[in-house]
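Student: This is what each chain is made of:
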Amino acid sequence: DVKVTQSSRYLVKRTGEKVFLECVQDMDHENMFWYRQDPGLGLRLIYFSYDVKMKEKGDIPEGYSVSREKKERFSLILESASTNQTSMYLCASSHQPGLSTDTQYFGPGTRLTVL
Amino acid sequence: QKEVEQDPGPLSVPEGAIVSLNCTYSNSAFQYFMWYRQYSRKGPELLMYTYSSGNKEDGRFTAQVDKSSKYISLFIRDSQPSDSATYLCAMSFNQAGTALIFGKGTTLSVSS
Numbered sequence: 001d002v003k004v005t006q007s008s009r010y011l012v013k014r015t016g017e018k019v020f021l022e023c024v025q026d027m028d029h030e031n032m033f034w035y036r037q038d039p040g041l042g043l044r045l046i047y048f049s050y051d052v053k054m055k056e057k058g059d060i061p062e063g064y065s066v067s068r069e070k071k072e073r074f075s076l077i078l079e080s081a082s083t084n085q086t087s088m089y090l091c092a093s094s095h096q097p098g099l100s101t102d103t104q105y106f107g108p109g110t111r112l113t114v115l
Numbered sequence: 001q002k003e004v005e006q007d008p009g010p011l012s013v014p015e016g017a018i019v020s021l022n023c024t025y026s027n028s029a030f031q032y033f034m035w036y037r038q039y040s041r042k043g044p045e046l047l048m049y050t051y052s053s054g055n056k057e058d059g060r061f062t063a064q065v066d067k068s069s070k071y072i073s074l075f076i077r078d079s080q081p082s083d084s085a086t087y088l089c090a091m092s093f094n095q096a097g098t099a100l101i102f103g104k105g106t107t108l109s110v111s112s
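Going down the list, the protein sequences come from chains A and B. In this text, residue positions in the first sequence follow the numbering used here: the first is 1, and each later residue adds one. In this text, residue positions in the second sequence follow the numbering used here: the first is 1, and each later residue adds one.
Hints are computed from structural coordinates only; laboratory data are not their basis. Since the model is a prediction, treat every value here as computed from it, not as a measurement. Any given hint could turn out to be false.
Claimed, not checked - Dumping the calculated EDC-like pairs for lysine to aspartate or glutamate here, alpha-carbon to alpha-carbon at most 20 Å:
# : chain 1 : residue 1 : chain 2 : residue 2
1 : B       : Lys42     : A       : Glu22
2 : A       : Lys70     : A       : Glu22
3 : B       : Lys42     : A       : Glu17
4 : A       : Lys3      : B       : Glu45
From just these sequences and the hints, can you work out the full model?
Tutor: Encoded structure:
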């Protein structure tokens, strides 16, 4: 089975802090994604990466950055956390198109609260 | 008009009922259609994956795609309390998991 793990289930940070959310997948997937999920707004794509050291902005990249130094690990960074970044953060991974009829597999999520 | 529309519910049914969950979409270029199930405080898990129009069955679950009407459905037969969750539809233009467009999810509650 595909396994996507996230470093924390719950996190509480203060406004202005730098926050790191880590995601690791064990299936050698090329693509990795970061979403946030908010009531009434659904899943919104923040950033994704299709290869090591490659990244693409999603729909809401402002206030976030990402890092992918190794294929299995994709980090989301909040440079200066703000209260409007309180949310559920979900990481996902998938194969590269053409290799399979795979789709995105999600981690358990990190519920971040910024005070 | 939003790309993918999904009734948020909540939908409450008794155990054993047949449940129908639906999404409509506006872009006819979508080719791949998925249903995810998300339990409270957990990440979404893939439930069903279909390509183009037609039906796909897996146990008590049937996914149906009608591209002519831009309408997809998920049917749950003999619903169980363990089916209580939020169901998200998702779709994409290309194969294998980039640029998925999600519906906002329908919350289902099955009472025993």
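Student: Are the hints correct? Go through all of them and say.
Tutor: Now for the hints, and whether the structure bears them out:
1. In summary, the hint linking Lys42 (chain B) to Glu22 (chain A) is supported, as the alpha carbons are separated by about 16 Å, within the 20 Å threshold.
2. Simply put, Lys70 (chain A) and Glu22 (chain A) have alpha-carbon atoms about 12 Å apart, close enough for the 20 Å limit, and the pair holds.
3. A hinted pair counts as satisfied when its Cα atoms are at most 20 Å apart, and Lys42 (chain B) with Glu17 (chain A) does not qualify at roughly 26 Å.
4. Annotation: proposed proximity of Lys3 (chain A) to Glu45 (chain B) holds, straight-line Cα distance about 11 Å (limit 20 Å).
The earlier numbered hint that this structure contradicts is number 3, and it is the only one.
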